[in-house]
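K.L.:
Single-letter residue listing:
Protein chains: 2
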Amino acid sequence: MKKTFDDLFESLSQISRKKVSVAVAQDTEVLLAVKAAKERNIADAILVGDADKIKEIADELNMDLSGYEVVDVKDPIEATRVAVKYVHDGEADMYMKGLIDTKDFLKSVLDKEIGLRTGKPLSHVCVFDMEGVDQLLFLTDVAFIPYPTLEDKANIIRNTVEICNACGIENPKVAPLATVEVVNPKMPVTVEAAELTKMNEEGQISGCIVDGPLSLDLAICPEAAMHKGATDRKIVGDADILLFPDIHAGNILYKGLVHFAKVTNGNLITGTAAPVILTSRSDSFEVKVNSLALGALVADSLKKNAK
Amino acid sequence: MKKTFDDLFESLSQISRKKVSVAVAQDTEVLLAVKAAKERNIADAILVGDADKIKEIADELNMDLSGYEVVDVKDPIEATRVAVKYVHDGEADMYMKGLIDTKDFLKSVLDKEIGLRTGKPLSHVCVFDMEGVDQLLFLTDVAFIPYPTLEDKANIIRNTVEICNACGIENPKVAPLATVEVVNPKMPVTVEAAELTKMNEEGQISGCIVDGPLSLDLAICPEAAMHKGATDRKIVGDADILLFPDIHAGNILYKGLVHFAKVTNGNLITGTAAPVILTSRSDSFEVKVNSLALGALVADSLKKNAK
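Listed in order, the protein sequences are those of chains A and B. Take my numbering: the final residue in the first sequence is number 307, and no numbers are missing along the way. Take my numbering: the final residue in the second sequence is number 307, and no numbers are missing along the way.
Just so you know, these hints were derived from the structure itself, not from any lab. Being a predicted model, the structure only gives us computed values, none of them experimental.
Taking lysine-lysine pairs in the DSBU-like style, the calculated list, with each CA pair at most 35 angstroms apart, reads: (1) LYS228(B) / LYS55(A); (2) LYS228(B) / LYS74(A); (3) LYS3(B) / LYS262(A); (4) LYS120(A) / LYS186(B); (5) LYS228(A) / LYS107(B); (6) LYS228(B) / LYS120(A); (7) LYS103(A) / LYS234(B); (8) LYS74(A) / LYS53(A); (9) LYS112(A) / LYS228(B); (10) LYS186(B) / LYS103(A); (11) LYS198(A) / LYS186(B).
Kindly produce the complete structure, drawing on both the sequences and the hints.
P.N.:
Right, here's the structure in full:
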């Protein structure tokens, strides 16, 4: 049965209500998403930033601020530090970027004292609910690590498996993608894909099933896998996680599908102590709300695992 | 106005009828495409291969062989040599792969005496007529050169500009793709993209307009380019040629769009003395026929330029 973002929204009803801390919250698009998240019972919010500007935007949006904690911190860098500390201290469950440069926002995430480091390397996951594919797809890394090494890729898989689990997907199937589905020494990407598969078989990467190298069609089109006679593989068009050779391959596919296929998506930074939502200005309202929903599920899962 | 494969089919009526030489022609899918090409006035054919088997398949397809030259060469390798020589000698205008390994087929293309070398490096182009994009898109290289160097990329552009010209597109816009649209020294792909742009400005790559690095949305979505305020670029969502960082990035996008967007496409090997059609078994009938149409236009253009 097709798994969709609606399924994720539904499973939110089974967890306790979460809270997002927003850094430099005086941003119309972000406040719109936060407002929707509250209305849809996804999460409450602490809004850290310029309180006057936040109020101004809220008035424009007919957004009643009485249901929010507004923390007045005019300096943007200081606002990120205050906002991330709420999450660090457990007073909020997830952390969201507002009107601030990605670089400065990430600096607060990585702060050794008040940030959200876990010792694990950070990566990015984009969750796709795409017409024509039954399973949710977890694309990684299309935005954060430019040229992941083999070790980076192992860590990216580990980070992403946690996100799958939070979405109710146990033992996800991981496809390290390439042009071809056989190892070719002239294509290092295929060699790495085979190494990741071996690391999985030997238990160094656990909680998932890795099978690579795989071409995209064999990874997510069961018909193509049948047609090419690849039915003895561990993945037959049913991959959950798509691991890209590098950021360019991932980002180009991501943009191609977002613009030309029918996709609903949400994004998170992974490998952090709590979910980090770093959507960009060009992401739609829906993407921001979906990311908050995703963050709430992941926050809940991280808490359960920490117990 | 949207440019489509139908426009290419229409422009075939303005050129002389072409002829394709097929190596190891005893292949049902290939013969079906050749039959359609004849019926649609795209090209006649010389069928080189096992004449008995060709006749057997033709009977199954209700294909009247009287309109074709059938050349009986039972040995597949020998058949490639006989077939490519027809093109080399100008008795046929383009060369198509039948029931033979790609490696052996390419060996005949690269043969120094009877092959189709020009001194230029070979590359691959895939032409997309995609719903939601007004211009035809020329994707390169999604299938042939694994990790092109800067020099390779310059040559790939030169090869592909010729194909654009044959399709009636003068001075095509070339987008060297990456994740981002600014140069980042930590991402060599962006540096190369900028170098290609400079080589174009200095005239080392001519007959086209290169503007990179570009993200896919800025390259082919005018709305995205507007939204991101990238209106001062030479390319504003209107790229004709999409140059990929490497084969993996290209191939993954190619497969993503073919399976999940609405695309009609055709493929050619470029940089050869005559068009070479190397479709794979998984390519549909339509892709094979489109490739033949594309080949006919390119053959005509190459002949005119040689005069």
